[in-house]
Amino acid sequence: MTATPPIADVSSHRAPSRWAWLGRLWALSTGRFGIIVVLVILITAIVANFWTPFDPAQVNIPNRWAPPGWPHILGTDGSGRDILSLIMAGARTTVFVAVGAGIVATVIGITLAALGALTARWMRESVAVFVDILIAFPVLIIAMMISTVWGGSLWVVIWSVGIGFGVNVARVTRPELRRVLHSDFVLAGRASGLTAAQNLVRHLLPNVAPVFIVQLSWAMAVAVLAEAGLSYLGFGAPVTEPSWGLLLAQLQQYISVYPLSVLWPGLAITITVLGLNLLGDGLREATDPTLTRSTPRMPHVPEVVA
Amino acid sequence: MIRYALTRLALLALGLLVASVLIFVTLRVLPGDVAQLIAGVNSTPEQIAAIRERLGLNQPITAQYLDWIGGVLRGDLGTSQITGSSVAAELAEKAQVTVPLGILALTIAVLFSVPLGVLSAMRRGRADGTALSVGAQTLAAVPVVWAGMMLVVVFAVWLGWLPAQGFPRTGWSTPWLALKALILPALTIGIVEGAMLMRFVRSATLQAVGQDFVRTAAAKGLTRNTALIRHGLPVVGLSVITVLGLQVAGIIVGAVVIEQLFNLPGIGRMLVADVSGRDLLKVQGELLVLTGFVLIVGFIVDLVHRVIDPRQREAT
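Sequence lines, in order, name chains Z and F.
Under the numbering used here, residues 9 to 314 are what the first sequence spells out, in order.
Under the numbering used here, residues 26 to 341 are what the second sequence spells out, in order.
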């Protein structure tokens with residue numbers, strides 16, 4: 009947000025705080041839930057680097073399929089591994105994939121949006137058409153293409169969600185960029201001798217950041233779902249890596265005998281995705297001054313990603 | 026209208042072209058030696074050269090692309106480099122599972138999401154409306170695989186009403202068995218897709234409530250709910266149509282995972298098997314068909330929307 013010019017607005021003498029949106033976010037039930045979930049997952053992932061109740065890779069055949077209780081709070085799986093420890097270790101994979109996909113989506117999205125908004129007319133139009141076409145490519149199809157070529161790995165998930173959602177980010181950010189481009193402060197920046205790149209970094213990007221961060225939050229939710237689905241199909245995490253999707257696939261084989269063990273990794277995924285989705289919803293409400301409770305906007309309708 | 030249709034058709038053609046180039050280039054330029062892959066580890070250089078000759082791999086890449094696309098236009102999607110079977114024939118066979126599955130899933134999604142979405146909008150701010158809204162939000166976050174497993178636990182393991190996996194060997198010649206095998210998979214995709222659609226319907230309904238013509242109708246003596254149902258719902262229906270293209274893409278993606286989970290011999294499972302086996306020639310045919318289908322559905326949805334939405338017509 010930029011400082012309000014004193015003449016235009018006499019009611020507020022101070023510039024609004026840069027962090028005011030955080031307070032607004034916390035005041036929303038969706039935003040608060042999102043913040044808490046994301047923090048819990050982050051802390052779990054960090055803690056799991058140093059400590060888990062049991063070694064998640066430790067096979068203990070005599071102790072297989074222990075029911076939930078003490079000391080195995082969520083029980084053990086078919087080779088006696090502690091399910092809680094596996095889920096904690098899986099959080100690391102989830103955070104890695106979500107952050108990685110977020111970074112790729114950011115780079116691709118901003119690049120395409122900038123190309124589609126700030127370049128010569130023929131370039132802008134072709135990028136717009138290209139983005140419209142790419143949007144029809146489901147993330148899973150991109151993932152299939154990548155894994156046919158390189159085989160499965162967590163990078164498949166990161167690249168496919170990053171590309172698939174980067175295009176989405178570009179589609180939403182591009183019109184925003186066009187809108188801001190014609191505002192007075194950007195013209196003033198250009199008049200005072202800023203280069204196009206300086207103007208982009210100092211004035212354009214900060215002003216499209218709200219729209220962009222919301223998209224990013226949803227992209228990460230999709231990444232978590234995609235990791236689960238692709239790892240389940242065998243194109244994601246390698247068998248040696250702790251992953252929620254992989255755990256689902258392994259537990260599924262015994263689903264008719266030990267149905268409840270499947271509950272835990274699924275719950276972990278659902279809560280994480282719900283948290284990221286609600287964080288995105290909350291961010292949108294907290295950062296968009298034109299959005300009030302009486303004018304509902306369309307929710308994002310992402311494709312099912314496994 | 027004609028002009029719009031032609032422009033949209035050109036965009037579709039361009040989309041198909043870009044899609045085919047992207048698929049071909051990604052699969053052909055990047056990987057290692059396809060011929061080596063087919064020939065296996067214990068192959069002689071002569072065998073590899075023979076395979077390369079047979080598949081046309083020593084021709085320039087543009088010639089290979091034109092050769093492939095020419096075949097596609099004549100209805101020949103190529104043959105498997107490993108088993109030698111025809112891709113088009115196999116797709117047609119597997120479609121007998123995937124197409125009914127997709128139609129069932131879409132029907133379930135629309136049937137439960139539209140009424141519940143409208144209801145949750147009309148009851149906004151009350152306990153039941155909030156519960157519906159929270160429920161939809163939560164269901165939309167559930168991974169499809171897990172939703173399927175939970176349904177299997179309840180309906181196959183505990184209640185024993187429906188089969189947990191598989192599709193009858195006899196196929197649709199035993200329609201009841203075949204349908205029974207598809208109910209749980211379709212329900213899984215339908216519920217998760219429907220949860221997203223429901224959130225969309227809710228927002229669309231809330232927007233419709235605020236529209237002038239709904240308020241006018243209410244002011245002229247209709248109750249708020251009658252006004253909404255008579256004048257608001259058509260608008261909601263129109264906006265549902267606009268997202269149907271996305272829904273179809275979602276269902277295809279869902280089918281890939283769900284066919285694996287339920288062990289159904291459909292297109293999704295075929296694709297997964299071919300990607301695992303790195304059967305490039307088959308994968309590129311299948312991916313082109315799936316992406317092409319998504320693009321064509323988007324095209325049809327846009328045209329239909331244009332024809333039936335009076336506001337769109339006036340806009341031109």
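Read the hints as simulated data drawn from the structure, not as lab findings.
Watch out, some of these pointers could steer you wrong.
According to the in silico footprint, chain Z covers these stretches of chain F (three or more CB under 8 Å from chain Z) [stated by the list, open to error]: (1) 173-179; (2) 200-212.
Ranges between beta-carbon positions, derived for each pair [stated by the list, open to error]: (3) F/Pro259 to Z/Pro75: 37 to 43 Å; (4) Z/Pro183 to F/Val329: 23 to 29 Å; (5) F/Ala38 to Z/Thr119: 24 to 30 Å; (6) Z/Pro246 to F/Pro259: 50 to 56 Å; (7) Z/Thr119 to F/Val329: 57 to 63 Å.
Just so it is clear, CB atoms sit at the ideal spot from N, CA and C, and this is done for glycine as well.
Hints, one by one, checked against the model:
Closer than 8 Å: that is the beta-carbon criterion, and the segment 173-179 of chain F has 4 residues meeting it against chain Z, so the requirement of 3 holds. Chain Z is given as covering the segment 200-212 of chain F, and this is violated because 0 residues of the stretch bring a CB closer than 8 Å to a CB of that chain, at least three being needed. As the Cβ distance of F/Pro259 to Z/Pro75 is approximately 54 Å, the hint placing it in 37 to 43 Å is violated. Checking the proposed 23 to 29 Å range against Z/Pro183 and F/Val329 shows it holds: the Cβ atoms sit about 25 Å from each other.
For F/Ala38 and Z/Thr119, the hinted distance range of 24 to 30 Å is satisfied, since their beta carbons lie about 27 Å from each other. Here the CB-CB span from Z/Pro246 to F/Pro259 is close to 52 Å, well matched to the stated 50 to 56 Å. The hinted window of 57 to 63 Å between Z/Thr119 and F/Val329 is violated, with their beta carbons roughly 34 Å apart.
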